[in-house]
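Chemist: Each chain, letter by letter, is given below.
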Amino acid sequence: MLKRIHYFFAAQVIEGDEEQTRVARLLNIILVAFVFITFVFAVIGPFIYPEPYPATIIFIVQLLLWRGARILVSRGYVRLASTILATVLWLMATTILILSGGMSSPYVLTFVTVVLIAGLLLGAQGGILFTGLSVFSGVVIVFLEVNGILPTTPWLAMDTTFIRLVVLAANMAIVAIFQYLTWNSLNQALDSLRHSQAALAAKVEETQKWAETATAANNYKSELIARVSHELRTPLGSILGLSEMIGLGVVGTLSDEQQEVMEKIVKNANYLQELVSDLLDQSRIASGQLVLNLAPFSPIELVQHISAAVSALVREKNLDYKTEVAPDLPASVVGDPDRTRQILINLVRNAIKFTEKGSVTVRVYCPDREHWAMQVQDTGIGFPKDAQEAIFEPFRQLRSELTQKKGGVGLGLSIVKYLTNQMDGQISVESEVGHGSTFTIILPLVTGE
Amino acid sequence: MNPLALIVEDSADQAYIFRKALFMSGYQVEVVANGLAASARLKEIVPWLVILDLHLPGMSGEKLLRQIRSDERLKDTKVFLTTADAGLAEKLRSEATITLLKPIGFAQLSMLATKFLPQTRPFGSSQAPASSEENK
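Residue numbers (this note's numbering), protein chains in the order written: chain A, 6 to 454; chain B, 1052 to 1187.
What the hints contain is simulated information worked out from the structure, not anything from laboratory work.
For clarity, every value in this text was computed on a predicted model and none was experimentally measured.
Keeping only pairs whose Cα atoms sit at most 16 Å apart, straight-line, the calculated EDC-like set for lysine to aspartate or glutamate is:
no., chain 1, residue 1, chain 2, residue 2
1, A, K422, A, D341
2, B, K1142, A, D343
3, A, K269, A, E321
4, B, K1142, A, D341
5, A, K362, A, D325
6, B, K1094, B, D1122
Simulated DEER-style distance windows between Cβ atoms:
no., chain 1, residue 1, chain 2, residue 2, range
7, B, M1162, A, A221, 42 to 48 Å
8, B, N1085, A, K327, 45 to 51 Å
9, B, A1158, A, V266, 16 to 22 Å
We put the beta carbon where it would ideally sit given N, CA and C, even for glycine.
Just need the whole structure built from these sequences, with the hints factored in.
Modeler: Right, here's the structure in full:
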C-alpha cells in the first residue's frame, strides 16, 4: 500500500539524463505542492470565499495538470510538460486577476510564483519569457482598467483583509519552498560535481599507477635484454678469440678440412656476436640509453675499414664490390665514428645478404655544402614500394621464407634509422623488386676545424 | 729479456687469449685476475705494457688506470684498455694508449702489441725477430 502511494507520488527518472531527471523531480514537487495547496483552498474555500467554485476548479485543473505532466514525463517530454505548466499557471494568474478586480487584487502576487516556477523549470530563458508575459498581462489589465472595460466591481468579490493575508501567506510559502528547492538542487549539483571530481582524481591516480607499472615492466625488459646480451658477449668473445687462434694455427697446424670447419665456427660465432650486439643496441634504444659520442673522423678511412670488414663476405658470394669517394669530401668530419660505422656496415651487410649476383656499391659524397652522404646500392632482390616503411620497424623482415634462409632478427635497419635520426640525418630508400635497392643516408656536415 | 706485459683480466679464457697473443708477439707475460691484486703488483713491477679490463672485481679498471697515470715510475707504460662498453671506452680514450672494444681478436691484439714493442731493446735486440720468426 505504502509502496503504491509512493509510486503514485514519486518523481520519474529519465534514464541516462541527470539534468532531465532533476527537472522532472522539480516538476513533480511543484505539482504535488500545488495539488495539496489548491486542495486545502478547495476544502476551506466555502468558509472563506463568498464564491467557493473557483478554488475547486483550480484544484481540479492542478490535479489534471499533475497527472498529465506525469504522462508527458514518462514519455520523455519533460520540457514540454514544464512549458505547459508554466503557461497554464500564467493564464490562470491572468484570469484570476481579471476576475478579482485587476491590479488592486491580492492575486497580483501570483505572477511572482509564475516567474519563479518558469525560471526553475525552464532555466533563465524561461524565467525571462514568463517575466515578459506577466508584464504583458499587467499592461493589458491596466489598459482595460483605464479604458473602463474592466468592471469597477469585480465579478469575484474577494478583496477582504483576510483573503489578502491568505494569498500573501500562500505566495510567500511558495517562494520559500522554491528557494529551498533551488538551494537544495544547487547543493546536489555541487555534491555531484565533488563526487565526479573525486572519481576523476581516483581515475587519474589509477592511470598513473598503470603507466608506472608499464614503464617499470618496460625498463625491466630492457634491463634484462641488456644484461643477458652482456653476459652472452663475454663467452662469445672467448669463443671468437679461441677459434681465431686455432684458425691461425697458433695452437697447432690444422688439416684443410679442420680449417674449413673452423671457418664455419668463426662465421657462426661472428653472426651470433652481431645479433647480440643488435639486441643490446635495441634495448638501449628502447630505454633511451643509447647516446652519441662525438669525435672527428675520416669518412674515407671509414669506407676503407668497411671494405676490409666485408671482403670475405663479398668473396664468398662472388659479388662485385665497388667504392666511390667524391673528391670534394672533407678529410675529416665530426660525428660518432663508431655509430656511423655501424650504420654503414649494417647497410653494406644487408646489401650483400640480399644480393645473389651483380654488385654492391658504396658511395660517399657531399650532396650540398651542409651535408655529406653515404649511399649503398645493390643489384639484389629489392622490395615493393608498400614495404618501404615497414622495413625500418624493429623485428620486421619481409618475405619470411626468404629471410629464414638469410637469417637475422630484423633489427639492423631499425637501428640504422634510429641512429640516423639521432644524428639529425635523413634516410631514404629506392627499391625495385628484382632489380635492387639503394639506401641513402644524408648527415649534417660538421668539419673538424 | 723480453719486455714485460701485465694482463689484468678476470675472465680466464680472455686472459689466455691475450697471454698467448702477447707471448707470441715477444713479451713476457704476467696475468692478474682482480683489481686489488693488480694494484699491489703495479707497485712492485714496471711493465712495458698493461692490458687492462675495465670491469674487474676488487677495484675498477678506471681506478687502476688513474693509479698508473699518477705513478711516476710507470710514466712510459703503455696501457691498452679493453671493454665492451663503448661509452666508457670513449670517456677514457685520452688517458689510455689504445682503447679496444670487446670482442678483441687474437690477430688484432698481436698486431697492436707488436707495433708497441720497444724500438731499441736494452737486452739483446736479436731476441725479438727470433721469436717472431717462430710464429710463422
